[in-house]
Amino acid sequence: MDIAVTRLAGKETEDAARCLAFGHHCYAVAPLMAEIRQDLVASFVDSVEHNRYDCLFFSSALPAQIIGPRLSRWPRVVAIGPQTAKTLRHFGIECEILPRYYSSAFVPHLGEWIQGKRIGIPRADVPNPDLIGAIRTAGGIPEEIRVYSLIPTGKELDLGKAEAVLFTSAMSFEQAIWKNRTGLLVMAIGESTASAMRRAGVVPDVIGDGSLDGTLSALNACLAEKSGRVGIL
12 MDIAVTRLAG KETEDAARCL AFGHHCYAVA PLMAEIRQDL VASFVDSVEH
62 NRYDCLFFSS ALPAQIIGPR LSRWPRVVAI GPQTAKTLRH FGIECEILPR
112 YYSSAFVPHL GEWIQGKRIG IPRADVPNPD LIGAIRTAGG IPEEIRVYSL
162 IPTGKELDLG KAEAVLFTSA MSFEQAIWKN RTGLLVMAIG ESTASAMRRA
212 GVVPDVIGDG SLDGTLSALN ACLAEKSGRV GIL
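For the sequence shown, the numbering used here assigns the number 12 to the initial residue and increments by one for each residue that follows.
Read the hints as simulated data drawn from the structure, not as lab findings. Please read all numbers here as calculations on a predicted model, not as lab measurements. Glycine is no exception: its CB is placed at the ideal position from the N, C-alpha and C atoms. A couple of the hints might just be wrong.
[Unchecked claim] List of simulated lysine-lysine pairs, DSS-like, C-alpha gap at most 30 Å:
| no. | residue 1 | residue 2 |
| --- | --- | --- |
| 1 | LYS128 | LYS97 |
| 2 | LYS190 | LYS172 |
| 3 | LYS166 | LYS190 |
| 4 | LYS237 | LYS172 |
| 5 | LYS190 | LYS237 |
[To be verified] What follows is a set of in silico ranges between Cβ atoms, one per label pair, in the way DEER data are often shown:
| no. | residue 1 | residue 2 | range |
| --- | --- | --- | --- |
| 6 | PRO119 | ALA20 | 27 to 37 Å |
| 7 | GLU167 | ARG84 | 38 to 48 Å |
| 8 | GLY171 | HIS61 | 49 to 59 Å |
| 9 | ARG100 | THR148 | 45 to 55 Å |
| 10 | THR164 | LEU234 | 50 to 60 Å |
| 11 | ALA32 | GLN76 | 16 to 26 Å |
| 12 | ALA53 | THR193 | 47 to 57 Å |
| 13 | THR148 | THR193 | 39 to 49 Å |
| 14 | GLY171 | GLU105 | 14 to 24 Å |
Based on the provided sequences and hints, a complete structural model is requested.
In structure tokens, the structure reads:
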């Protein structure tokens, strides 16, 4: 299949090779672009270097890419998923990966250890009150640093040659300008994105586990099931 994958404008990824491994082709479409706040990046890096935090939580690969090469030391580090972890490890930063690739899994992953710990969270300028509330309820001290903003591109997604479209975040779906059509397979990378789609009246055909590989695996399972049903008929 030809799959249009929502990615930030101008950000290169390994999507093509990863899709090919599952038997598909893909190309990037950009409903959003990132505007980096260099002052906040510098301030956050300085705080890490001065041992302000007991733990860092990277909830996407972009802040890992921005901040990783600037760090010479770090405390306990947690990545939301495998791609974010891969980015951090590229810069020599060993990290843990959440068992479920959702921010809601962060506090359960840390367990009682979180009590009294200061958690540094470099992320987009998108509120996540559930995460902050969960950390506080568990006795942790969250410090959210919004090191970049997500700005809608205002351009309609190019889905002309796509057989499927994969929305990689709730915001990428909510801010996308696109046209659904008969035969277009609509996919959500995870349950949070799927929930945003359902609220807008769009029922996802495929829901992943929060990762690209997991979504492609779910896509292949869906296609195999459809093929089997056709064979029975």
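Hint check results:
Taking the CA atoms of LYS128 and LYS97, the gap is near 25 Å; set against the 30 Å cutoff, the hint holds. Distance check on the hinted pair: LYS190 and LYS172 sit about 13 Å apart at the alpha-carbon level, within 30 Å; holds. A threshold of 30 Å between alpha carbons decides the hint, and for LYS166 with LYS190 the separation of about 12 Å falls inside it, so the pair holds. As the CA atoms of LYS237 and LYS172 are separated by approximately 22 Å, the hinted pair is consistent with the 30 Å bound.
With a CA separation close to 24 Å, the supplied pair LYS190 and LYS237 stays within the 30 Å bound. Remark: the range hint 27 to 37 Å for PRO119 to ALA20 is upheld by a beta-carbon distance near 34 Å. For the hinted restraint 38 to 48 Å between GLU167 and ARG84, the CB-CB distance of approximately 45 Å keeps it satisfied. Distance hint check: the CB atoms of GLY171 and HIS61 are about 51 Å apart, consistent with the given range 49 to 59 Å.
A hinted range of 45 to 55 Å for the beta carbons of ARG100 and THR148 is inconsistent with their spacing of about 31 Å. Under the hint 50 to 60 Å, the C-beta atoms of THR164 and LEU234, about 30 Å apart, miss the expected range. A beta carbon spacing of about 22 Å between ALA32 and GLN76 agrees with the range 16 to 26 Å that was offered as a hint. At roughly 50 Å, the beta carbons of ALA53 and THR193 sit within the given window of 47 to 57 Å.
Between THR148 and THR193 the CB atoms are about 46 Å apart, so this pair conforms to the stated range of 39 to 49 Å. Between GLY171 and GLU105, the C-beta spacing of about 43 Å breaks the proposed range 14 to 24 Å.
Comparing the model with each earlier hint shows violations of hints 9, 10, 14; every other hint is respected.
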